[in-house]
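Given the sequences, and given the hints that come with them, work out the whole structure.
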Amino acid sequence: MTTLTTNTDRPRQGDFVKRLPGLVHTLGPAIILLALLILATAMSDVFLSTRNVFNVLRQSAGIGLMSVGMLFVILTRGIDLSVGSVAALGSVIAAVWVQDYGTGIALGAAIAVGAGCGLLSGGLIAFLKLPPFVTTLAVMTIARGLALIASNGQPIRMGAAGEMITEFGVGRLGMVPYPVILMIAVFVAAGLVLKFTRFGRMVKAVGSNAEAVRLSGISISRYQISVYVISGALAALAGVVSTSRTGIGSATISVGAELDAIAAVVIGGASLLGGRGGAINTFIGVVILGVIANLMNLANVPGYHQQVFMGAIIIGAMLLQYGTSALKR
Amino acid sequence: MNHLKTTAAAVIATLCATAASAEGCTIGISMKTLDAPYFAAQDVAARKRAEEIGCTPISADAGNDLNKQVADVEDLVAQGVDALIINVRDSQGLVRAVNAAADAGVPVIAIDSSIDASANIVTLVQSSNTRNGMLVGQWLADETDGQDLKIALLSGDQGNEVGQERRLGVLAGLIEGQLKNGGKASYEIVGQGWGGWGNEGGLTAMEDILTAHPDVNVVLGENDSMLLGARNALRAQGLEDKVLLVAAADGQKEALELIKTGEYGATGLNNPAQVAATAVDIAKGVIDGTMTDIPKITYTEPAVITQQNVDQYYNPEAVF
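Chains as they are written, first to last, in the working numbering: chain R, 110 to 438; chain V, 87 to 406.
There may be inaccurate statements among the hints.
[Claimed, not checked] Here are the in silico distance ranges between beta carbons for each label pair: (1) V/K236 - R/G211: 50 to 58 Å; (2) R/Y431 - V/G166: 37 to 45 Å; (3) V/A190 - R/L301: 33 to 41 Å.
Simulated from the structure, these hints should not be mistaken for laboratory data. Small disclaimer: the values here were computed from a predicted structure and weren't measured. Every residue, glycine too, gets a C-beta built ideally from N, C-alpha and C.
Next comes the structure, spelled out in structure tokens:
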């Protein structure tokens, strides 16, 4: 900031003070992440090691993919509680199908089933006007049940047929693990769609003022359904990433993952009332959650305490977000 | 900005207080869950033993989440632990993470839950359900010599290998004991109830069996918890003095208290603390290079706990 000692200086400074809360709001997630990174570096000398940094990012890939879908849903003022269960279903479908039909079809089937779950939620919400919370809660138990049926409740081992999938889970391009590349690619795509396409602008518009969109003669159902389909497909993809890392399809993975995805999106500054939020800050939200979990392990925080710390840090992040927007008023 | 500073300062202060220094020998402990007394006791015992022998324990709780446990293993390895003790959530799903740890030069010792044979572990430390069961069965044969046995069997859940090992171990020991005592063997299992390993499940299953077979004189449980529940069903019908309670495992505190007063026959020793301590000792031995040629499976010493020896095992302070 250059300060000029002229008469025009005063109103400008006033402007800045007025804009400060908004600025903190936009940069809030980045500030929190920076603080966490400093804290983590101070507490553990292995935190910044290349190995650990990529560990954190790779561990975040699943939640990251789910968070992108969740961001689209939340932008329309919806919520998707089914993502954890859909991930489990995707993981099981991929592991079962890869043994009979090969990698390509297995991946396609997993993602299609995930998208199908989204279509079910989105259809019920858009056409029958059912509340998203309860609708996706129902789809959540359906998807978990289907995953248990498809796997018979047993972990499904892919064996040799799943070699390509497991290679994805352990492999790297240069230094960067494949799951991390996938996650970043999806975030970049989401960012571009939201910023530069009509679809992206409409998704935000549906969330911030559905009535205005409807009055201008545009059908909002299309956008409502699309976001749940995106969310379901990405959740199933997250399940496949889990399978690629562990080598098994399991119906019991990602229990409660929807809460992590929602937390990441909200820590990233998105509003649960719709219309506000972005891909970059959501990504930062995902990394914040990943760093916190990693830090707990590195700092040897006992298991039971971890959950309390995790919640406390999330509340701290939220205070920074919402505390500053309250200042604005 | 002040918000941030104070929040950060508070977080630093609290986190630093719990951060451990990593000098000398550091042992990572990855638990699949801490939400049951058995596993909580195991974690506590492993940490305690590690500290006793001069190591720094670092433990992580996966909360029954497979992906979280994979991440825990990676984090512990990144942190530079010298050995890793792991109670796996899934026998297949952790193989890759465990092998990656082994490739990074960290010896891995599995405890309790079996892990697939393709995992590169030093050893698997378990209590032997079969050998514990044999001892319990032999005790039962001695105790009921000359009686006609009508046994109600309380099992955990269908398709569970541990449950199968436990009941077959006891029945094998019973036959062996009867043959030794009288040259012939006979017993009747009047029914198999499924109690889901819990107190309440054991109670319900016992009520159902008693309705069909009020003349039961032995209840054999695959763990103490179900048997403790079954005891309430027996008491409700005034049968607690006529029926002998025998468990294949675990040596839970409440069961030991009843064994002491003679209201509960016997149980097999499946001590989470003993498994944990054995694993820590092996980890230390491997780190120091004093232990080589370790068998792929290490069984803890089997034992049957009865009124005669219960004082040796009863610890009023025990978590489990």
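Consistency of the hints with the structure:
no., hint, result
1, V/K236 - R/G211: 50 to 58 Å, "holds (56 Å)"
2, R/Y431 - V/G166: 37 to 45 Å, "holds (39 Å)"
3, V/A190 - R/L301: 33 to 41 Å, "holds (38 Å)"
Hint check: no violations occur; every hint is consistent with the structure.
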